[in-house]
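J.: Chains as they are written, first to last, in the working numbering: chain A, 1384 to 1711; chain B, 1384 to 1711.
Some clues are possibly wrong.
Remember, identical chains collapse to one label, so a pair may be satisfied in a single copy or spanning two.
[Stated by the list, open to error] Cut-off 30 Å, straight-line C-alpha distance, at most; resulting in silico cross-link-like pairs (DSSO-like, lysine-lysine):
{"hint": "1", "residue 1": "K1598", "residue 2": "K1640"}
{"hint": "2", "residue 1": "K1604", "residue 2": "K1640"}
{"hint": "3", "residue 1": "K1598", "residue 2": "K1438"}
{"hint": "4", "residue 1": "K1390", "residue 2": "K1438"}
{"hint": "5", "residue 1": "K1438", "residue 2": "K1640"}
Quick caveat, the hints were computed from the structure, so don't treat them as lab data.
2 protein chains.
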Amino acid sequence: MRAIVHKQVNGSEGLCMHTVANRRPNAGEVSVRIQAAGLNHRDLFIMKERGDLDKSVVLGSDGAGIVAAVGKGVEHIQVGDEVIIHPTLNWTRTNEMPEILDILGYPSDGTFGEYVIVPFTSIEKKPAYLTWEEAGVLPLAALTAYRALFTRGQLKSGEHVLITGIGGGVATYALMMAKAAGAKVTVTSRSEEKRLQALRLGADHVLASDSAWSKSLQGGKVNLIIDSIGTAVFSQFLQVLASAGRIVQFGRSSGDKVEISLSTMFRNQFSMLATSMGSAEEFRAMLQFVERHRIRPVIDRIYPFEQAVQAFKRMEAGEQFGNIGLKM
Amino acid sequence: MRAIVHKQVNGSEGLCMHTVANRRPNAGEVSVRIQAAGLNHRDLFIMKERGDLDKSVVLGSDGAGIVAAVGKGVEHIQVGDEVIIHPTLNWTRTNEMPEILDILGYPSDGTFGEYVIVPFTSIEKKPAYLTWEEAGVLPLAALTAYRALFTRGQLKSGEHVLITGIGGGVATYALMMAKAAGAKVTVTSRSEEKRLQALRLGADHVLASDSAWSKSLQGGKVNLIIDSIGTAVFSQFLQVLASAGRIVQFGRSSGDKVEISLSTMFRNQFSMLATSMGSAEEFRAMLQFVERHRIRPVIDRIYPFEQAVQAFKRMEAGEQFGNIGLKM
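Model the full assembly from the supplied sequences, consistent with the hints where possible.
T.: Following this line, the structure appears as structure tokens:
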């Protein structure tokens, strides 16, 4: 089969189209013929940082497609089923938390090929209201947003949520999901264009990343902050967080280290809840939630399979609003 | 009535015995004749930091005694009832968290007097198995420990808990409660004497505060950390915390600022949960828990009412293991 393979060179320059072996699914596995796949920042990190460049890897954590073959012992799944793929492998529950976390697309081969082989527990029925492109870009970011908002953030209707770095995949799902759940939503971005797009998507209030947030909020406080920016904005969080407020962190694009005042934390009973991906149960709950509220991914741009390098260039430039996808 | 009053001078030098007005309880209030009261670090902080030294304050958040008078509209409480006092006033629930937090003993007059007047909702039946001295020192620290371990820390039987700074009131209750809940408990202290006392109280493992904990634990990880030390020990936390581990913070005796690596937090799905005191529901649940497990406060020393200054000197020196109380 043809696949987008990463090898030899760090970064997206190491990407190229190749013909790779197309194996049959083993017992408990399913082969899915990919219709559309989605790009994630995770792919960029792997391409930049992996040390085993002698090995070829088919990246890609997001995808949707049609079941092409099933291994032994696979029940309730037939060739021809239209499915969406859950990207989290080996998630063991301890207090609703992962014990081991392994994600489709590295080290195991992912969705940037004509076929992908996954455990049968990793596929769910594709929501019928979504196009192939929409289903293909949904999984990882929507799952991360769902877990961040609901499992970790315990968002309640009527609460005020602040979402940093709007335009990114997870942040954009978080905006749509929080509005669907009846929350008031404020978003931040450095880009005026992205702030305007967020207002069109239903944000109640927008803030420039480098402005004084507490001033713009006019003393209004937020109950929940969903953040993937880290260092550059963290110092503003404790100023705008209401008593018993929660910060849910799933990334740190501007820097990894933050300084915290413990007394500010405990006088206000704050919580900092770090999160990553989600479980199979959360994936199913997320699919039900988006279907019930008819939430559609915001598609930034869809590229043909062959133009994966250009697709990643756009993501690296940080210009997108919403998801970037590949069409097979 | 006679009371230990703080005024004029910052610190425990400002304490003296005085005769103060003894008012009748208003509607909804109860007057309790104090039998024993407990000292807390909170009292020291207030004496050091309050700016309104022109006002006389009767400190004291912990106490137990006999109902001496009841105001209008108070039901189910009679003169002569033996009661224990819940020190948290004005706790409004939002997600099980306080909206406003006001604590007996400052700015409202507290338990270091012959009588204290509290809302009738602040008293509970004194557990019969406790002496007056034990009941008098129990409330604030046991409530804080209970909320830290169970409401915030979600401790489960079989988990491994690390409690820093053993010897302090809250830490000592946390040790006894965690053992009663079926957890494995490791404690830390700078003092070898306190580490030995902790072993006698049931701690499974002890660590010197300044040793390399991950080495001593031989790779063993903890699920929950209960901390009030802050800066001096915080850098060790992320090294010994198991995946999905929680840090519950209720103090910062060594310093307020800590630096956190966000990626370490979210790769491991860690939580930092700050806490302070507890609600009336938690106070009742704590009383039931200690009664069921026959947990008795560790009494460091009981001083006569008149020797409150000496009692605080001992607390300031940090020499105590467990609670320091006053007997009326």
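J.: Are the hints correct? Go through all of them and say.
T.: Here is how each hint holds up against the structure:
For the identical chains of this complex, K1598 and K1640 are neighbours both inside a copy (25 Å) and across copies (25 Å), given an alpha-carbon limit of 30 Å. For a Cα distance limit of 30 Å, the shortest separation of K1604 from K1640 qualifies both inside one copy, at 24 Å, and across copies, at 23 Å. When the C-alpha separation of K1598 and K1438 is checked against a cutoff of 30 Å, the pair qualifies neither within a copy, at 52 Å, nor between copies, at 35 Å. Taking the shortest alpha-carbon separations for K1390 and K1438, only the intra-copy value of 6 Å comes in at or below 30 Å, while the best inter-copy value is 74 Å.
Proximity of K1438 and K1640 under a CA criterion of 30 Å is satisfied in neither setting, with 32 Å inside one chain copy and 44 Å between copies.
Violated hints for the displayed structure, listed by number in ascending order: 3 and 5.
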